[in-house]
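Q: Next come the chains, spelled out residue by residue.
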Amino acid sequence: MFTRVLIANRGEIACRILRTLRSQGIASVAVYHHEDRGAPHVQLADQAVQLEADVPSAAYLDQAQIIAAAQRSAAQAIHPGYGFLSENAGFAERVAAAGITFIGPEAAVIRLMGDKIRARAFAIAQGVPVAASIDASDPGTLAARALAVGFPLLIKAAAGGGGKGMRIVRTSAELAASLEAAAAEAQRYFGDGRVYAERYIERPRHIEVQVLGDGAGNVVHLFERECSLQRRYQKIVEESPAPNLPEELRRELCAAAVSLARAARYRNAGTVEFVLAPDGAFYFLEMNTRLQVEHPVTECVLGLDLVAEQLRIAAGAGLAFTQAVLEPRGHAIECRICAEEPEHDFRPATGRVGILEVPAGANVRFDGGIAAGQAITPAFDSMLAKLVAFGPDRAAAAAELSRALEELVLLGVPTNIDYLGRILRHPQFLAGNLHTGFLSEHAAGLSAPELPQERAAATVAALLAQPDFRAAACDVPEPHASIGLWRN
Amino acid sequence: MNLHFEVDGREGEAEIIGRRPQLQLRLGESRHVVSLAQEGAGRFELSVDGVRYRGWRYVAGDAVHVRVNGRTYCVVFPRRIHKGENAGAQDEIRASMPGVVIAVHARPGERLAAGDKLLTLESMKLQVTVVASHASTVREIHVTPEAVFERGALLVSFEHEQRDTP
Amino acid sequence: MRALESAVRTGTAEFRRRYAYNKALAAELRARQEAARHSRPPRDLERLASQGKLLPRQRLELLLDPGTPFLELSTLAANMSYAGESPSASCITGIGVVSGREVMVHADDPTVKGGAWYPLTVKKIVRALDIAIENRLPVVHLCDSAGGQLMLQSQLFPDRYMAGRIFRNQSVLSKMGVKQLALVFGHCTAGGAYVPALSDYNVIVRGTGAVFLGGPPLVKAATGEVVSADDLGGCDLHTRTSGTCDYPAADELEAIAIGREIVSLWERAVKWRLPEQAAEAPLLDPDDLYGILPDDIKQTFEMREVIGRIVDGSRFHEYKPAYGTTLVCGYAHLFGYRVGILANNGILFNDSAIKGGHFIELCNQNNTPLLFLQNITGYMVGREYEAAGITKDGAKMIMAQTCSHVPKLTLMCHGSFGAGNYGMCGRAFDGRLLFSWPNHQIAVMGGEQAAGTLAEVKLRQLKRAGASADPAALAQLRAETLKAYEEQTSAYYSTSELWDDGILDPVDTRNALAVALSAALNAPGGIPGNGVFRF
Chain G
69 MFTRVLIANR GEIACRILRT LRSQGIASVA VYHHEDRGAP HVQLADQAVQ
119 LEADVPSAAY LDQAQIIAAA QRSAAQAIHP GYGFLSENAG FAERVAAAGI
169 TFIGPEAAVI RLMGDKIRAR AFAIAQGVPV AASIDASDPG TLAARALAVG
219 FPLLIKAAAG GGGKGMRIVR TSAELAASLE AAAAEAQRYF GDGRVYAERY
269 IERPRHIEVQ VLGDGAGNVV HLFERECSLQ RRYQKIVEES PAPNLPEELR
319 RELCAAAVSL ARAARYRNAG TVEFVLAPDG AFYFLEMNTR LQVEHPVTEC
369 VLGLDLVAEQ LRIAAGAGLA FTQAVLEPRG HAIECRICAE EPEHDFRPAT
419 GRVGILEVPA GANVRFDGGI AAGQAITPAF DSMLAKLVAF GPDRAAAAAE
469 LSRALEELVL LGVPTNIDYL GRILRHPQFL AGNLHTGFLS EHAAGLSAPE
519 LPQERAAATV AALLAQPDFR AAACDVPEPH ASIGLWRN
Chain C
25 MNLHFEVDGR EGEAEIIGRR PQLQLRLGES RHVVSLAQEG AGRFELSVDG
75 VRYRGWRYVA GDAVHVRVNG RTYCVVFPRR IHKGENAGAQ DEIRASMPGV
125 VIAVHARPGE RLAAGDKLLT LESMKLQVTV VASHASTVRE IHVTPEAVFE
175 RGALLVSFEH EQRDTP
Chain D
23 MRALESAVRT GTAEFRRRYA YNKALAAELR ARQEAARHSR PPRDLERLAS
73 QGKLLPRQRL ELLLDPGTPF LELSTLAANM SYAGESPSAS CITGIGVVSG
123 REVMVHADDP TVKGGAWYPL TVKKIVRALD IAIENRLPVV HLCDSAGGQL
173 MLQSQLFPDR YMAGRIFRNQ SVLSKMGVKQ LALVFGHCTA GGAYVPALSD
223 YNVIVRGTGA VFLGGPPLVK AATGEVVSAD DLGGCDLHTR TSGTCDYPAA
273 DELEAIAIGR EIVSLWERAV KWRLPEQAAE APLLDPDDLY GILPDDIKQT
323 FEMREVIGRI VDGSRFHEYK PAYGTTLVCG YAHLFGYRVG ILANNGILFN
373 DSAIKGGHFI ELCNQNNTPL LFLQNITGYM VGREYEAAGI TKDGAKMIMA
423 QTCSHVPKLT LMCHGSFGAG NYGMCGRAFD GRLLFSWPNH QIAVMGGEQA
473 AGTLAEVKLR QLKRAGASAD PAALAQLRAE TLKAYEEQTS AYYSTSELWD
523 DGILDPVDTR NALAVALSAA LNAPGGIPGN GVFRF
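Protein chains in written order, with the working numbering: chain G, 69 to 556; chain C, 25 to 190; chain D, 23 to 557.
If you're looking for bench data, these hints aren't it; they were derived computationally from the structure. You can take every hint at face value.
Now the in silico label distances, taken between C-beta atoms and shown as ranges: (1) D:N389 with G:G106: 55 to 63 Å; (2) D:L235 with C:E164: 34 to 42 Å; (3) G:A428 with D:G199: 51 to 59 Å; (4) C:H184 with G:A121: 40 to 48 Å; (5) C:H184 with D:K242: 26 to 34 Å.
To be clear about the criterion: a stretch of chain D counts as covered by chain G if any three or more of its residues have a C-beta under 8 Å from a C-beta of chain G, and this derived list gives those stretches: (6) 82–89; (7) 117–124; (8) 524–530; (9) 534–544.
A short list of chain G residues far from chain D (calculated; beta carbon distances all over 12 Å): (10) Q111; (11) F152; (12) A164; (13) L215; (14) E270; (15) G285; (16) E341; (17) D373; (18) T390; (19) T418; (20) F448; (21) A499; (22) A512.
Note that the Cβ used here is the ideal one computed from N, Cα and C, for glycine as well.
Please build the complete structure, drawing on both the sequences and the hints.
A: Here's what the structure looks like:
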């Protein structure tokens, strides 16, 4: 096992990884940009190395500096977290070349799965169902091939993710222009303008399967997660197990994921994402060769520490368990707390974490990377923390998470906390009728209700926090205060 | 004296109507009776119209973020006193004492933000950098490096801009 | 302390007749005040609006703390002068609360002849600043005036207590450490320029505010220079170049906001005396006052009924109740502050004058402010009383009252005639504030008495000359005297000339006296000591 690990990340996931390192007695090294100098992951790590960059997020993408930091601090392994360099095959190679263990799959597998077009082809070869698609080459046959697949089509970037470069095309008239626009966006965001178009499934569910592989062909699955509740193509509520999923279908999905991962001789943690159509057909979407944001729900229902499993595999100790012993119990739901304004189309917000009060409870887990007083700037992603609740069944988990959201206090920057609570209490959510268009479909029902009395009370509380108003209210002397408004 | 505020994108104004036996406020059209119970370290407890509310409160500049009954509100109080930067701004800069020009940093026609450098001057063995006091467009720079000027000399003129009263 | 019990029977014809009479007087007062405060030619109001200015009373309401009282002084000043050209003497003065501090407010009224100062305007402003000095009240000036009324300059410029006294008072206030703030909303011309200049802090509104010793017309006449008001003495000149003004404001609202913030930084006054107990509304109904006060100046009424409708809980501790019964003396509380009350229940005799003097001494010994409730036609006259020394006794009462070091407040409840006015702290005796009721009349003697005396004197003159008295001529003399007296003894004449600090609706008395007393207690008591009592 490693004695020192460097975390090439920040925020919530860096703190999450730190927690496991600490519990295992492994020394931790954090890297940070100057703007993050007060951040919790820097304070919690045993060691911290500052990275230089003009733009804060660029620091966490600076491969040379990060590797140098690992070497200087004698870290034996680097955990890349998610985002940033976690799916950068070149980085994985350079880390290995520097004699440091990259906690994740081999570079070749990262490269394979990172190219959506190649990944799809690989999936097809393994007999995993894949949605019909076309690529953007050969403009002459483009329209015909598109018609063969059938509209509506969803255009995606080959090298993309996170919703960037995605477009829905409903008629062939828009096709060419949309492809061009998507290609330009892909080029801008990922440096790779290749796009492809898939048949767009209406009201699909997004189901993913967590897998762990030892790199020698042994793969287990850790069951599925439901991630259908998305806004701007980003998940904000995830859960495990997926509700209203027939057992047979669950088995097929998990088996498909395992066969894919096994064929790739997958090493370490990964997630195979599927689209589930209303008719029960499912299609391979992509494989993420890293730890996912929503991994806690899997950890809750299985009682596991996935980061610990990652460390174990990366240290060469193989898988800790066989498929047979894995038995999920209960239900877990996670929601992502983001600095944004849901009532203004979820536009990202800035501010400062003025007050932070984390809800207590044995069945509640708060994974955050923020501390009171921290500035929330546009420099980084708008996700501040994750709140997870566990219960014996879905209704209990939802109730517990709803309660925890009400108790959570995060003041100083607009967040989606109230919005998430409304999702969790929505009858359609509780009935488990989920699909990726859920939030748009129920936008009216999810908007903030008008509560004039409560708003008045909040206004009064705010007024009395204003020094001028407070002085006017409380500091008027007698007898004038008693006489009140009077003119002779 | 009314205090203007904005909450949930809606504007309103608050007025104190009376203070005894309890504080009476008017918010927009409606009146409320308020009594403060406790406060401290971001927490508050008060009763409005006989209903008790407990919550949290954080002041960030002109805005107060309030969390009550599991719901977050942001109440913004627009400032009443401005820095007076826009009103009556001068369209020209004249030398307040004689000196010499060390460097010219701006060009005619350039659009500047408040704080952008215009000239570096030296007077009485002290160098000073003149900056734009507000967003403006340079019309002409009347001096060149190494030029010597008297008190009151015209140094920079700006395009005249109509400003709204804040 | 027991509550006074009322003997008033509200069902009687006399009560109802008096009630109707006094209620009508109160209604007339409100109507005249309303007109003086608000009734202006539309052209003047439009002119202000077109200049982007607020009305002076709008400025006042924005300045004052919300939900607080404002005791306006001398609303009906100049109501019987200048053919009514100067309602409220073209200015507003009063005591109010700004940012939690008691202040004296003085606001020019530009809706009356551009805010030009008439002689009574000057007198009203001087009076306001005298009150500020005596009571250590900070002052807020809301300046907007065209300057002195040139046509009447001889009545407002040269003498000791005319316009110069305003600036003398401002300087004295500053020396005393009592702060002044001036908000310049309009022109401050000539002497008026000194108001902001002598204020410790001032704010000037850009575009409309201007301060200059000579306005553009004067400058043109004097030197031929042609210059606009803004260039001559506007915001930018005075805030950037001359330093005469401290804070520029983009508009009137900002000026008021800045002003309130300045006041919020002033230290709070340390009161000379604090309330002793919690405030308590009177048990007896103040509305009854309308039925208690007579509808005839020669008639009297029971002062304890008045006291019981002003003081906390109607509680009154009467001093020496069996002696000198025409003067009621005793202690009570007003919004928790202890006061010593002297109230006339008839004319003053030897014993009531002595009792009054003694009670005044007790209040001075006990650091208790004094409240005089006047209804006095004079001291008793006649040989018997002179022999008993009534003049000496009256003199002793005047001496004790004058030498009091405690604050004094006076309320003219009905008649105030002759020497009785003196002992009961009339205007000349430096009471901190003096108010009247609408039914109040004041003169050296009653109108009928004066008419009779003059007729008697005329009769003797004619007899000595050997002529015979012409009954018609005598009757006309009587009638003319009476008419002149009627006009000049009324409360409206008195308030017009600023012989009082305002007429109060009787039901407003408690609040007015409370604000006045609270203001008075911002100044410490004087130095105890008396002159010589002629025993």
